[in-house]
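A.B. asks: Given the coordinates of chain A, work out where chains B, C and D should sit on it, guided by the hints.
4 protein chains.
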Amino acid sequence: MKKISVAILGATGMIGQRFVQLLEDHPYFELSGLYASERSDGKQLHETLKIRDHQFTEDSLNMRISAINIEEIAHTSRVAFSGLPSDIAGNIETELANAGVAVFSNASNHRMNDDVPLLIPECNADHLDVVKEQGSFANGGFIVTNANCSTTGIALPLKVLDNAFGLEQVIASTYQAISGAGYPGVPSLDILGNIVPYIKGEEEKMESELAKILGSLDNGKITNSNIQTMVNCARVPVVDGHLESLILRTSRDASVEEIEEVMEEFRGEPQELQLPSAPLHPIIVRHEADRPQPALDVLAGEPARARGMSAVVGRVRKKENYIKMFVLSHNTLRGGAGGSVLNAELTASRGLL
Amino acid sequence: MKKISVAILGATGMIGQRFVQLLEDHPYFELSGLYASERSDGKQLHETLKIRDHQFTEDSLNMRISAINIEEIAHTSRVAFSGLPSDIAGNIETELANAGVAVFSNASNHRMNDDVPLLIPECNADHLDVVKEQGSFANGGFIVTNANCSTTGIALPLKVLDNAFGLEQVIASTYQAISGAGYPGVPSLDILGNIVPYIKGEEEKMESELAKILGSLDNGKITNSNIQTMVNCARVPVVDGHLESLILRTSRDASVEEIEEVMEEFRGEPQELQLPSAPLHPIIVRHEADRPQPALDVLAGEPARARGMSAVVGRVRKKENYIKMFVLSHNTLRGGAGGSVLNAELTASRGLL
Amino acid sequence: MKKISVAILGATGMIGQRFVQLLEDHPYFELSGLYASERSDGKQLHETLKIRDHQFTEDSLNMRISAINIEEIAHTSRVAFSGLPSDIAGNIETELANAGVAVFSNASNHRMNDDVPLLIPECNADHLDVVKEQGSFANGGFIVTNANCSTTGIALPLKVLDNAFGLEQVIASTYQAISGAGYPGVPSLDILGNIVPYIKGEEEKMESELAKILGSLDNGKITNSNIQTMVNCARVPVVDGHLESLILRTSRDASVEEIEEVMEEFRGEPQELQLPSAPLHPIIVRHEADRPQPALDVLAGEPARARGMSAVVGRVRKKENYIKMFVLSHNTLRGGAGGSVLNAELTASRGLL
Amino acid sequence: MKKISVAILGATGMIGQRFVQLLEDHPYFELSGLYASERSDGKQLHETLKIRDHQFTEDSLNMRISAINIEEIAHTSRVAFSGLPSDIAGNIETELANAGVAVFSNASNHRMNDDVPLLIPECNADHLDVVKEQGSFANGGFIVTNANCSTTGIALPLKVLDNAFGLEQVIASTYQAISGAGYPGVPSLDILGNIVPYIKGEEEKMESELAKILGSLDNGKITNSNIQTMVNCARVPVVDGHLESLILRTSRDASVEEIEEVMEEFRGEPQELQLPSAPLHPIIVRHEADRPQPALDVLAGEPARARGMSAVVGRVRKKENYIKMFVLSHNTLRGGAGGSVLNAELTASRGLL
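Protein chains in written order, with this note's numbering: chain A, 6 to 358; chain B, 6 to 358; chain C, 6 to 358; chain D, 6 to 358.
To be clear, the hints were calculated from the coordinates, so they are not data collected in a lab.
For chains that are exact copies, the list does not tell them apart, and a pair is met inside one copy or across any two.
In silico DSS-like pairs for lysine-lysine, Cα to Cα no more than 27 Å straight-line: (1) K205 with K48; (2) K7 with K137; (3) K226 with K137; (4) K205 with K324; (5) K137 with K8; (6) K205 with K323.
Quantities reported herein were computed from a predicted structural model and do not represent experimental measurements.
Extracted from the complex, chain A is given alone in its bound form:
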């Protein structure tokens, strides 16, 4: 089978370089080019290295980055993976879609558009259908977004618990890694030995995105969920891995064992389709007293291609009519580039690429 040609936008950034990592030897996709702003035109990847825990191939390290050129990308690439910052992503992604490119984006610009799926394949694979409402779809161009990094990790267990027990209220506090702010991102003087209880726009995004992701598709339209969601966000001195404290109320009572079991046994459409980046266990439930921890669990996920793609849940407890737990997910893999790649794999499996 011929591989699908893909471009990476924002290749000098954290997310862009995660895309490079994930697309080294991918069974569906092959790289047609790396793109970033004018400023980086001509640089090689190794000159702009942002990722600590992956040893890129020599080929990757030597790849040259070009300034974004819509025509060139449309000419060479069926797909564009976008790790662009939101101040420029909006227009570029629209232009690419109009030029017939399937765009899988991490940027927030289009997420809340009615005709753009905010896709987490295990949660709402059916939402992919709304791309057909996009004007450019007839020419093969469309935009699929993935959610904010702090939304994605908890969406997996929340969806499962909603299905099983009826979710009424979600109260979350986050412990978010610095890689979520990109590079250079958070100044070290702000975060070394410190916690910053504020991430601009993050709480609003989490609250609105969860409503869309957990919403239902009726007659080709997404109706938001009306689960009450309240979030406090904070940045912590951790490199990778968003940890989140959850306190939940469900309409149907369940024991801790039932809650853990329904999460452990959950498999979604990516698992059924055996998509390459789908983790065997979308949700891993830890039973130790002190897990999940970023340092120990951030790369959870099997097989090798799905490292960092599982959400890791731990400390599931009940108190009166509430469930308490912690969830960890990798903010630049599952909550970033890995999420986009999985979205693209699902889209390919539907014959849309």
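C.D. replies: Only chains B, C and D this time, still in chain A's reference frame:
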């Protein structure tokens, strides 16, 4: 006025050394001795230094530490400040009370006893009266405890909001500093660049202690509050300062401005009595987008003697019928030695020392 | 005595704000204005806070920052303390001197000029005289620089050891704090849990600046020292305090006790003149096995106004014909704003302001 | 070929668990048992997890740890890999050798014995021969040690430079990771945001071990090298990877290019023998301005089995007659368990197992 002689128990630990710091030149108290386990008998304070941000006087640095000796302490000291670990604090504190010593303790052992006040003078100064129920009181010996370090910081705003608007539900997630675990405490391999979402017994303590502190005194007995409280605790790589995410439901509605105002204007009994360690503003409300932060706010509190004694509240917001905010307090000052010293000052002002 | 009016340049940065801290209630100087780039024009200090360990007065926090205006500064201020970045400091400082202002600068631009003293008052107070060679001196304007933050700390013990035992070779490796790079400075992704063995231009600066500082003044000209100096510099995840590993060869042999004694007993001209920011002990020698440490020793220095102004030496050992030791100094106090203030105090005491 | 049965001693520690990692599916060795102190008897590996960056197999995680039993080990294992702490390693290792077991040890106890090789196969493979002098050798039992973790990393480039240019003087300052102190090891309160310029006995070990490793074998006896070596050691807040600043004097002059080339092209006996854990490039020379860095380079080494086995050198410069550089190596892989495994592979290839 003659100063009251005081002994410090646990002088090789974090809390014990905060006591030394706070009692250098205290207007009510003078040091009669430093005590710790046999192992440290004969050492000088400078050989066991645990505190980073205070320059001790030469006199303090040269003080010798002795093994704990109940008789000796009872002979030389009217008051004992205890920073002992809970595995040995229980018995020693009881013996000292029986020997006629007024014990002000940071240990958890006696906190939930009916006749032991769990005292935060701005919140429940009236609870001090229950010491009179203690068997040893007739001989001048009694035990007063302060709350867990993560309970204390939030108790101040919660008490104020309960009085003003009727508190129904408290949902908290904590970001707790490593100094809360004492020394050697948390191994660096566990916490460097990591978050540990578990502190043994902490959530249970916070939930039960808040009920007692926010409870009412009727006929000499404390009746627990029945506010629903749910807590998730985590350790973060910060030296000093517990940050806590709060999501609250009150029975009476109030605007953000009213909520902030009632906290800013609050003054308790320590402020009325002008106790030496009482901060002018028990609760400081920050209005910047990104405060409070441990690195910037942990030492908040005026005058100089009350540094680290104010709770700092920020990011007060409303969402539907809930209030969202963050609270920071110094876990070894307000939530540790400083809390005990303030308790002792209140007790002295009542003529009980 | 009337206080000398002083302006602070670069008031939104780390060093600029240390100047504000040090000039709150200074016996010689009073603030006439805060200056920074156009971008910050009109902001109040509290909106740009960079310093963690000082509680500014309300007056300081509310001061307004203006865009730099040479005429205005020359009109209102006898002295300008400069914490400007080196890409703009050069011209501005020259213009101010030409306009009759005495400039005390942290920037590197003019340090190596023959007629500009690179001043550490305990080391080379006599070098101040070369300001008289500056063209603007007749009108009262001149430039005095202090050394690079990593040079300053070791210059103190090196000068003393050179005088006492004849220094032949200096081999240094540095452990430099992030505050040395200013704000935003080092991205957290680069330094959290990491060491970066490179600081642009730092090794060259240290090697050339030491030669000038340790040089001798003959006939109004500074002749560089010819001590062989070799340096490797690295950035470490510490907020404040440059630690440096030193291995030294002297021409005259001395015991560890003699070496320690000559450093402990050293007093320079600032101590003789009792300048306000002069530490009683310019060099503090620690005898514990594991000192100096940034967390414990960075603020060493008495009296209160001289906190962070002492160099702290520890682990003095001998091996064959070499001396081994570690030195710590506060990079933004002694190695930054504090150094400039001390320079200005010395200059004032000479009647030059 | 039948695999050689091996026991791991100290399996609850950092080094012990690195052995488990490295022996999962090793071509020469198969695990016969995990051993530690009585305290851990019966525990499974996953209950004592110390390593962050390796995902153990389920089989490994479920392995049971037994209390050390010399007879049992001698009965089941041809080889013992020892990650025991030095307070107990000495006797146990001697007893095992006497019982006919080939011991490959990380402990310092036997390193300086005349008949014990202090082996780094690329540096001094010929030293292995001295095991034949051990009394137990006739029965198949002997002890081979690897060097201190901070010695090993620099020994590789030093050996190469000594061979090529004649090394006269080595001046080193270290930036050592916390994993070097084992677990629980360094308390977080000591090292978070701090540097500790002291590691007990480390400087002495480095100075004496280097002399032995760089020494020559004549008539079956090792003669120490007489290169002058001076070291200052410090602990830094990094999880894995010892960085070291080197300033060197050689007897023959060489250009930076020659120095880099001789290191890059170096291949030792492990490379010739293609031992499984031998990195293709024992020394990797980086040419970027700011490398090596622990976060980016600690796992350098190919193929996969040799990750963390290369020393990474960078910033090679000359100043007068000295060479300046930085070296990084993985302290628990190349400088710990990986070094021992490579030693055992060399020993096996010599037919001694």
